[in-house]
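These protein sequence lines map, in sequence, to chains A and B.
Remember, our numbering sits 21 above the position in the first sequence when you count from 1.
Remember, our numbering sits 343 above the position in the second sequence when you count from 1.
Simulated from the structure, these hints should not be mistaken for laboratory data.
Just so you know, not all the hints are guaranteed correct.
[Said to hold, decoys possible] Residues from chain A that face chain B, not an exhaustive set, calculated with beta carbons under 10 Å:
hint, residue
1, M22
2, V29
3, D60
4, E64
5, E88
6, F95
7, A100
8, E106
9, K116
Virtual Cβ for every residue (Gly too), placed ideally from N, Cα, C.
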Amino acid sequence: MKITEKDVGYVAALANLELEEEEIARLVTDLDSILAYVDKLNELDTAAVLPMAQVLFDGPEGLAFREDRNRAGFAQELALSNAPESGAGQFKVAKVIER
Amino acid sequence: MSLDVSGWKIRDVREALDSRQASAREICLATLARIAQQNPRNNSFLTVMEERALAQAEAIDRKASAGEELPPLAGVPVAVKDVILIEGVRNTCASRILGNFIAPYSATAVERLEAAGAVLVGKTNCDEFAMGSSNENSAYGPVRNPHDLERVPGGSSGGSAAAIAAGMGVVSLGSDTGGSVRQPASFCGVVGLMPTYGRVSRYGLVAYASSLDHIGPFGRCVQDVAAVLQVIAGRDPLDSTSAAAPVPDYVAGLASPVKGFKIGVPKEYFGEGLSPEVRGRLEEGLRVLGGLGCEIVEISLPHTEYAIACYYIIATAEASSNLARYDGVRYGYRAPEAASLSEMYRNTRGQGFGAEIKRRIMLGTYVLSAGYYEAYYLKAQKVRTLVAGDFSKAFEKVDAIATPVAPTPAFRIGEKTANPLEMYLSDIYTITGSLAGIPGISVPCGWVSAPGNGQSAAERSRLPVGMQLLTRHFEEARLLRLAHHFEMVSGAA
Numbered sequence: 022m023k024i025t026e027k028d029v030g031y032v033a034a035l036a037n038l039e040l041e042e043e044e045i046a047r048l049v050t051d052l053d054s055i056l057a058y059v060d061k062l063n064e065l066d067t068a069a070v071l072p073m074a075q076v077l078f079d080g081p082e083g084l085a086f087r088e089d090r091n092r093a094g095f096a097q098e099l100a101l102s103n104a105p106e107s108g109a110g111q112f113k114v115a116k117v118i119e120r
Numbered sequence: 344m345s346l347d348v349s350g351w352k353i354r355d356v357r358e359a360l361d362s363r364q365a366s367a368r369e370i371c372l373a374t375l376a377r378i379a380q381q382n383p384r385n386n387s388f389l390t391v392m393e394e395r396a397l398a399q400a401e402a403i404d405r406k407a408s409a410g411e412e413l414p415p416l417a418g419v420p421v422a423v424k425d426v427i428l429i430e431g432v433r434n435t436c437a438s439r440i441l442g443n444f445i446a447p448y449s450a451t452a453v454e455r456l457e458a459a460g461a462v463l464v465g466k467t468n469c470d471e472f473a474m475g476s477s478n479e480n481s482a483y484g485p486v487r488n489p490h491d492l493e494r495v496p497g498g499s500s501g502g503s504a505a506a507i508a509a510g511m512g513v514v515s516l517g518s519d520t521g522g523s524v525r526q527p528a529s530f531c532g533v534v535g536l537m538p539t540y541g542r543v544s545r546y547g548l549v550a551y552a553s554s555l556d557h558i559g560p561f562g563r564c565v566q567d568v569a570a571v572l573q574v575i576a577g578r579d580p581l582d583s584t585s586a587a588a589p590v591p592d593y594v595a596g597l598a599s600p601v602k603g604f605k606i607g608v609p610k611e612y613f614g615e616g617l618s619p620e621v622r623g624r625l626e627e628g629l630r631v632l633g634g635l636g637c638e639i640v641e642i643s644l645p646h647t648e649y650a651i652a653c654y655y656i657i658a659t660a661e662a663s664s665n666l667a668r669y670d671g672v673r674y675g676y677r678a679p680e681a682a683s684l685s686e687m688y689r690n691t692r693g694q695g696f697g698a699e700i701k702r703r704i705m706l707g708t709y710v711l712s713a714g715y716y717e718a719y720y721l722k723a724q725k726v727r728t729l730v731a732g733d734f735s736k737a738f739e740k741v742d743a744i745a746t747p748v749a750p751t752p753a754f755r756i757g758e759k760t761a762n763p764l765e766m767y768l769s770d771i772y773t774i775t776g777s778l779a780g781i782p783g784i785s786v787p788c789g790w791v792s793a794p795g796n797g798q799s800a801a802e803r804s805r806l807p808v809g810m811q812l813l814t815r816h817f818e819e820a821r822l823l824r825l826a827h828h829f830e831m832v833s834g835a836a
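Turn these sequences into a full structure, and let the hints guide you.
As structure tokens, then:
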């Protein structure tokens, strides 16, 4: 086994996921079998291969940039309209600073 | 007798409007009635937009009465996958975590459809956050395949495919990251297109794996898919990855001949794992292409066997990053009674996400974590270069590639849920094109017989099978033309 319960707990903490006992057990098995499978990539020698991060295509210079000028953003009310909890024009969350 | 629009194509809508045989309102009402009748059986829609759709249809009718020229998709009922935002309409991503989310703006593709006169009838069910191959990962229950209700419609855009197959819309939008338009199109017997990466703006498409996500249309015929692409394709300043390449007239180009096209058949796609029934239909399909005057040649895409491993590292890594935004602060579900902010994050995500989402977030977080990044993520990006390179080399010799869409026809609900890896492996023929960013289409290629849903073993279901065609980047015109000619002579549609 490549993956232990401890690994799953460590990764779950990184990913901010609260997992039930059964979920942890299942993830140990699932991640282990998937990672064993993806090990097949090591059959390939990629020392001289460049990584592909994105599909690239030709385009005019600066295509990704818009004109640098003000434009209307979301109105505050709209931005807050889906908030689970809001008040005084802000998103509300539990206290983060202790005395 | 009430109007039946369940088999209509865009042309039928237009003819009805032009001849005043039916109004847009009547077409819309007929579609809504069909949804009311069919949806309880197949669960394709999560939200039906009755009022909004009728208002759009009535606006088209007013234009027609005023003698104004009608836009290209005037009065056409369109279903939209519930990962593509429509302003003011609930968008769940088939997830509990966005169960109450109201989209504050519309996707560019949606705005373009509306500007072209389309009538948006509803939001379709899918795998949660578009992650899945069977539509069984929806928090709101699986979509059922209209051809056999005990079978899956494919995924992740299962609702958008089933909606068209069951006559609940004329065309629909889905999204395709590893096959999520093409595979359900094959399973449901409709046409589904994944355009070139960057051809259609993703602004307003909820991100799953950003280097792989595409919006793509479904329809009952290639011409309808071409007409939708015509409207939604093109540069959008709101999506920096959208391409500036000119958009040709896809519909006008369909009739041009395909004689002399060289079509590559990759030997790796016809080996172990391909069911004999699907192989049989594909072989017949290749003969049809030969009959159109295309030259069929065997090619090799040697890195095919590495594509799934490559994809499930890259896609999950990107997903783990994209889905970090669902933390219960600004929108969506928030777990109650958490004592601290970090407990609120963990509980919200633990309670809000389904099993497959957690699996992919965990895998993606793992492959990006310290000590594993190079061994997994960087390695996968390098293998992606090799998979994409296979296609570049092949397209030096051929104009298009023909393959199966999936190894089998639609499988049974529950058949593959116990083993996630087995489910992932069923994506083999579509994932390669996704990694390369080339356009691909699934076009109906015949039917196979499979054990039916009845009690008697003698009872058989007829299930559709699709053929996948692939071309070079931005060669949708060639792809659609080839698919159109195939559809005309194969008679499979």
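Going through the hints against the structure:
1. The beta carbon of M22/A is not positioned within 10 Å of any beta carbon in chain B (closest approach about 14 Å), and the interface hint is therefore violated.
2. With a cut of 10 Å, the hint placing V29/A at the interface with chain B holds, because the nearest CB-to-CB distance is about 7 Å.
3. Annotation: interface hint on D60/A holds; nearest CB of chain B at approximately 8 Å, less than 10 Å.
4. The closest approach between the C-beta of E64/A and any C-beta of chain B is roughly 8 Å, which is under the 10 Å cut-off, so the hint is satisfied.
5. Among the interface hints, the one on E88/A holds; its C-beta lies about 9 Å from the nearest C-beta in chain B, closer than the 10 Å criterion.
6. This hint holds: F95/A has a C-beta 7 Å from the nearest C-beta of chain B, less than the 10 Å allowed.
7. Here the hint on A100/A is kept, as its CB sits about 7 Å from the closest CB of chain B, short of 10 Å.
8. Among the interface hints, the one on E106/A holds; its C-beta lies about 7 Å from the nearest C-beta in chain B, closer than the 10 Å criterion.
9. Restraint check, K116/A versus chain B: the minimum CB separation of about 8 Å is within 10 Å; hint holds.
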